[in-house]
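One-letter residues, chain by chain:
There are 2 protein chains.
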Amino acid sequence: MLKRFNTSIILVIILLPLIWLNALLFSLVVGGFLLIASYELFKMLQVRYPLHPAYLFLYAGFNGLIYAGFILYLNGVITGLFFVNGLLLSIGLVMAYSVFSVHSFTYFGSALILSIFFSIAFGSISFIQSLGTTVILYVLLVTMLSDVFAYLVGVPLGKHKLAPRVSPKKTIEGLVGGIVGAVSVATLYVWIIDVPFPFDPPLSIFAIIIISFFVSLAGQLGDLVASKIKRDYDIKDFSNIFPGHGGILDRFDSTLFASFILVIVFIMIG
Amino acid sequence: MLKRFNTSIILVIILLPLIWLNALLFSLVVGGFLLIASYELFKMLQVRYPLHPAYLFLYAGFNGLIYAGFILYLNGVITGLFFVNGLLLSIGLVMAYSVFSVHSFTYFGSALILSIFFSIAFGSISFIQSLGTTVILYVLLVTMLSDVFAYLVGVPLGKHKLAPRVSPKKTIEGLVGGIVGAVSVATLYVWIIDVPFPFDPPLSIFAIIIISFFVSLAGQLGDLVASKIKRDYDIKDFSNIFPGHGGILDRFDSTLFASFILVIVFIMIG
Chain U
0 MLKRFNTSII LVIILLPLIW LNALLFSLVV GGFLLIASYE LFKMLQVRYP
50 LHPAYLFLYA GFNGLIYAGF ILYLNGVITG LFFVNGLLLS IGLVMAYSVF
100 SVHSFTYFGS ALILSIFFSI AFGSISFIQS LGTTVILYVL LVTMLSDVFA
150 YLVGVPLGKH KLAPRVSPKK TIEGLVGGIV GAVSVATLYV WIIDVPFPFD
200 PPLSIFAIII ISFFVSLAGQ LGDLVASKIK RDYDIKDFSN IFPGHGGILD
250 RFDSTLFASF ILVIVFIMIG
Chain P
0 MLKRFNTSII LVIILLPLIW LNALLFSLVV GGFLLIASYE LFKMLQVRYP
50 LHPAYLFLYA GFNGLIYAGF ILYLNGVITG LFFVNGLLLS IGLVMAYSVF
100 SVHSFTYFGS ALILSIFFSI AFGSISFIQS LGTTVILYVL LVTMLSDVFA
150 YLVGVPLGKH KLAPRVSPKK TIEGLVGGIV GAVSVATLYV WIIDVPFPFD
200 PPLSIFAIII ISFFVSLAGQ LGDLVASKIK RDYDIKDFSN IFPGHGGILD
250 RFDSTLFASF ILVIVFIMIG
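Going down the list, the sequences are from chains U and P.
Using numbering that gives the first Met the number 0, you'd call the opening residue of the first sequence number 0 and step up by one each time.
Using numbering that gives the first Met the number 0, you'd call the opening residue of the second sequence number 0 and step up by one each time.
Simulated from the structure, these hints should not be mistaken for laboratory data.
Quick reminder that beta carbons are idealized off the backbone N, C-alpha and C, glycines included.
Worth double-checking, as some hints may not be accurate.
To spell it out: a stretch of chain U is covered by chain P in this simulated footprint if at least three of its residues, at any positions, have a beta carbon under 8 Å from a beta carbon of chain P; those stretches are [unchecked claim]: (1) 98-110; (2) 249-263.
Straight-line alpha carbon distances no greater than 30 Å define the calculated BS3-like cross-link-like pairs of lysine-lysine that follow [what the hints assert, rightly or not]: (3) Lys168/U - Lys235/U; (4) Lys229/P - Lys42/P; (5) Lys42/U - Lys229/P; (6) Lys229/U - Lys158/U; (7) Lys158/P - Lys168/P; (8) Lys235/P - Lys158/P; (9) Lys229/U - Lys42/P; (10) Lys229/P - Lys229/U; (11) Lys168/U - Lys42/U.
Generate the whole structure from the sequences, applying the supplied hints.
This is the structure in structure tokens:
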């Protein structure tokens, strides 16, 4: 229990000063995090199939390209066509490359999905910060509060396991408690601070509640997805860059999923 | 050898009357092919993990949505943002769903890449046909000629294996022969028929040679990728819908990859 809160506090201490950077510097820092995450994913993929370490550079570079492409696309620097194309072309190239490899196609498919998803999720964090410090604070607030409320509600009231194979302690009651708690506080926060969501006219309170619901749900599911991936490769943590608390992907799993969904919501209704 | 040519002839007999359909009817027919292909992929995925047959409808519907979305997007009916979003959201949803499943994350990742790639490849075929009958004929010509020339050159001259683990008979000499033969004839075809590629001003002969090079290469690699996927799941053919010649995906593998690449080229330089 203490560990859970400690972790949140460490996250805050690391992230908080960073989010006041200007958008370009922030995106470079997050890009750096993505490179570390690429290393973590690469090391994980090596659990199954030993890959020559030189491929790490290729893998990290590939992720960096998707990351940069997604941000440039969201900022209107490159067109959607160009971005979709790059993404599709990379899928085609990886499929073609798989032909000359000893590794199974399944292996390449899953490595590719991890690349695409996480690169775009890191890109989402950068994009959200570029909208304003209070917007990225909103995401951090929702994911942290979801975690705290899920714990506070789940421990005394939790009866129905949420996903026992992946995370034996999580319960449906905790999930619901996390959502209700996070949505309530976050909605209040958005209302008081007047968070600059990119909508004109501004969102109604009802819309903010709906959005916060999806962000909280995504954050809590992200935690489970990360556990599921780790279980698949029989690793406990992605790395040990935060001693005792795991790697970048362990610490930012909820934030990554929550940001990813928030950007999708922005685009869908924006 | 006879089988190879027979197959090409069967392909021609099935496809040729269809390509004169109007774009909407053609895209419905190709959509029907995609549904059969979805069944083939689903059956293949079941080799590893038995899935409840009801999921076939979900899987086919998912593929159909990507297919329709891609065509609508290429025709400007929905925006790139909307299409990218749908694609990303589906990746997120599948990842989240994986948490509640007994199957490994790797399994979901590879199933998802197969869905995305093939649905978009079928969409590419429909889009190319909508540009004109002579444009889709161009793709069929390149893939068939690549096949024929690869055989005619590879059998007498082939010395260096191309991808021995996947397709023991294919050689680098055959690949090159296929490209040279197909590019030569296809370029002549484009020049004589004045194929309506979607470019203004029209492409130079040099550009058409470069494009035909990539289409021929993609077609030949597509054949290998299909073999690689089948090998991964220990199946010989995707199905037996063309008795003695395999399934939709066995017969259209080259055409699917070639169309996919041609659409990417269209968008990149268009």
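Each hint, compared with the structure:
Under the rule that three or more residues need a Cβ within less than 8 Å of chain P, the assignment of the segment 98-110 of chain U holds, with 11 such residues. Note: the segment 249-263 of chain U has 4 residues with beta-carbon separation from chain P under 8 Å; the three-residue rule is met and the coverage holds. For the proposed pair Lys168/U and Lys235/U, the alpha carbon gap of about 16 Å is at most 30 Å, so the pair holds. Of the pairs offered as hints, the one joining Lys229/P and Lys42/P holds, with about 12 Å between alpha carbons and a cut-off of 30 Å not exceeded.
Restraint check: the Cα-Cα separation between Lys42/U and Lys229/P comes to about 27 Å, which is no more than 30 Å; the hinted pair holds. Taking the CA atoms of Lys229/U and Lys158/U, the gap is near 25 Å; set against the 30 Å cutoff, the hint holds. The straight-line distance between the Cα atoms of Lys158/P and Lys168/P is roughly 10 Å, inside the 30 Å bound, and the hint therefore holds. Between the alpha carbons of Lys235/P and Lys158/P the distance comes to roughly 26 Å, so the proposed pair stays at or under 30 Å and holds.
Taken as a hint, the Lys229/U and Lys42/P pair is honoured in the structure, with Cα atoms around 27 Å apart against an allowance of 30 Å. Of the supplied pair hints, the one linking Lys229/P and Lys229/U holds, its CA atoms being roughly 27 Å apart against a limit of 30 Å. Restraint check for Lys168/U and Lys42/U: satisfied, since their Cα atoms lie roughly 27 Å apart, inside the 30 Å limit.
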